[in-house]
Amino acid sequence: MEHRSGDDAADGGLVREQVGELATEQAQDFDLYDLAPVGCCTVSEAGEIMHADDTAAALLGVSHRALVGQPIVRFVAPEDAPAFAEFRRRCIASGLPQSCELRLIAEGARSDAPLWGHLSALGDGGAGGCRLLLSDVTRRRAAEEELREQKEFFRLIAENIGDFIAVLDPAGRRIYNSPSYVGFFGSERELQGSNSFAEVHPDDRERVRQVFIDTVATGQGRALEYRMVIADGSERIMASRGSVIRDHDGRVARVVVVAQDVTEERRMAEELARHRDQLADLVAQRTWELTQAKEAAEVANVAKSAFLSNMSHELRTPLNAVIGLSHLLKAQAPTSTQSSYLNKILEASQHLLTLLSDIIDYSKLEAAKLVLETHAFDLEQEIRLAMCPLREVVAQKALLVALEIAPDVPRYLLGDALRVRQVVRQLYDNAVKFTEHGKIVVAVRCLERSPEYALLEISVCDTGIGLDDEQKARIFNRFEQSDNSITRRYAGTGIGLALAAKLVQFMGGEMGVDSTPGQGSTFRFSLPVGIETPPASAASGGVDCETNGRR
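End of the sequence shown = 551 in our numbering, gap-free, step of one.
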């Protein structure tokens, strides 16, 4: 055992008394810190915890008794250990208050999930140590990091978007301007805090200012278009919309304005409108010219139709005389040669008379002067009358001719018998002309029927030369035939089928053709007619054209 002198004993007693006073003072201090939301601990010069309150112990995950004697660096994240050492060095060397923020790892916590601690060294730990105040700022650091990310996100958008973005205070002074905005109107230093209405065109300034005032007052932004004068003095047309940012009391604290430069769009729209107006003028002018030309053509067409009609009537008068005199000569018992000549004269005259009649009818149709008559007629009789004039030609060609009328087709009808016979005659004449051998079938069937109405289909089918697709497309045009060689071989003017199609259309029906080259053609047309009650004196039979068909 080591003995001490009396002086030494006195000195030892004094030291113990000072340490006791210091411990008592620190205990009182820690009782006070226990009431605060921060933790407090005393760290020796060697870095060991000498004393800690309950808050510090809770932050570090152990009891305050277990903390005593533990190195403080044990609770510092390894990556922040150098910074903590530098912090302690400054604290001890200066003896002045210091502060820093480090990542702390509580007892039992994962190293990848530290909490952020704010350390304040008061420099009065005694014996070369220091007193530390600890507070958990993890949430604040997370909020700051989130805010930093949001600011960075906003900065990237503002710098890369083509729109102009400006943040204004309620008085209209600029707080923030996007790079695109700065590029148009000047440097950020010049724009910061300046009046946002300065660059607005004088004629639009008051209107823009009033909209801004309304936005601040109501909190509701609206779309606006106005002119601005940029740094080089030129004018640009801007389309913008404002949105408000409110403070915690609900008052408007900021106004965010997003604007687009629509100068080129408006210029192109104006140019497009100008071209559209010019085009409308040209269309109106061309329409007027076409109307004038159409009216002139209609007048010329009416004059032509009138001329043809008059000429046809003039030609029919001497032609009827030729036909009449020819019949008189035949009645005078001419020789066989003279009879042959008279027959040729009659045949040619009859053909010419038919052609003149067609021209007159076509002219009336074009001039809208043809009038349909409605009266009762026997359908079968009219068809046979249409077929009779060609029986000699049919006999010469040895053609088989059939008339097939379906049983449900009413015999007595109401309509224009003359025009029905004329259409059938044109189709039958066309079939006989272009058929050298084989047969011709005239068929009638009923498509629809009611007690007072019937829709008939009349067709003429032959085994003649047929038509290709190109010929079928133009066969109903006036003065058209299959081709020039056919015109030379079979004669004709090409007006017959055109007239027949016009007459069918005028009577409310439609005409069509099915044909295969070398196999024949089928011309058909629909015919809406009324149904007439059979007369009491009606007898079977009628005109016999030596058809070997059946009803």
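Think of the hints as simulated: they come from the structure by calculation, not from any bench. Some clues are possibly wrong.
Claimed, not checked - Simulated pairs of lysine-lysine, DSS-like, Cα-Cα distance not exceeding 27 Å:
#1 Lys-364 / Lys-472
#2 Lys-330 / Lys-344
#3 Lys-364 / Lys-294
#4 Lys-433 / Lys-344
#5 Lys-472 / Lys-397
#6 Lys-344 / Lys-294
#7 Lys-472 / Lys-439
#8 Lys-364 / Lys-397
Unchecked claim - With beta-carbon atoms standing in for the labels, derived distance ranges:
#9 Gln-220 / Arg-155: 25 to 35 Å
#10 Gly-61 / Val-258: 46 to 56 Å
#11 Gly-108 / Arg-155: 37 to 47 Å
#12 Arg-222 / Asp-54: 39 to 49 Å
#13 Ser-99 / Gly-219: 18 to 28 Å
We put the beta carbon where it would ideally sit given N, CA and C, even for glycine.
key: Hint check against the structure, violated hint numbers in rising order   = Going through the list in order, the structure violates hints 6, 8, 12, 13 and respects the others.
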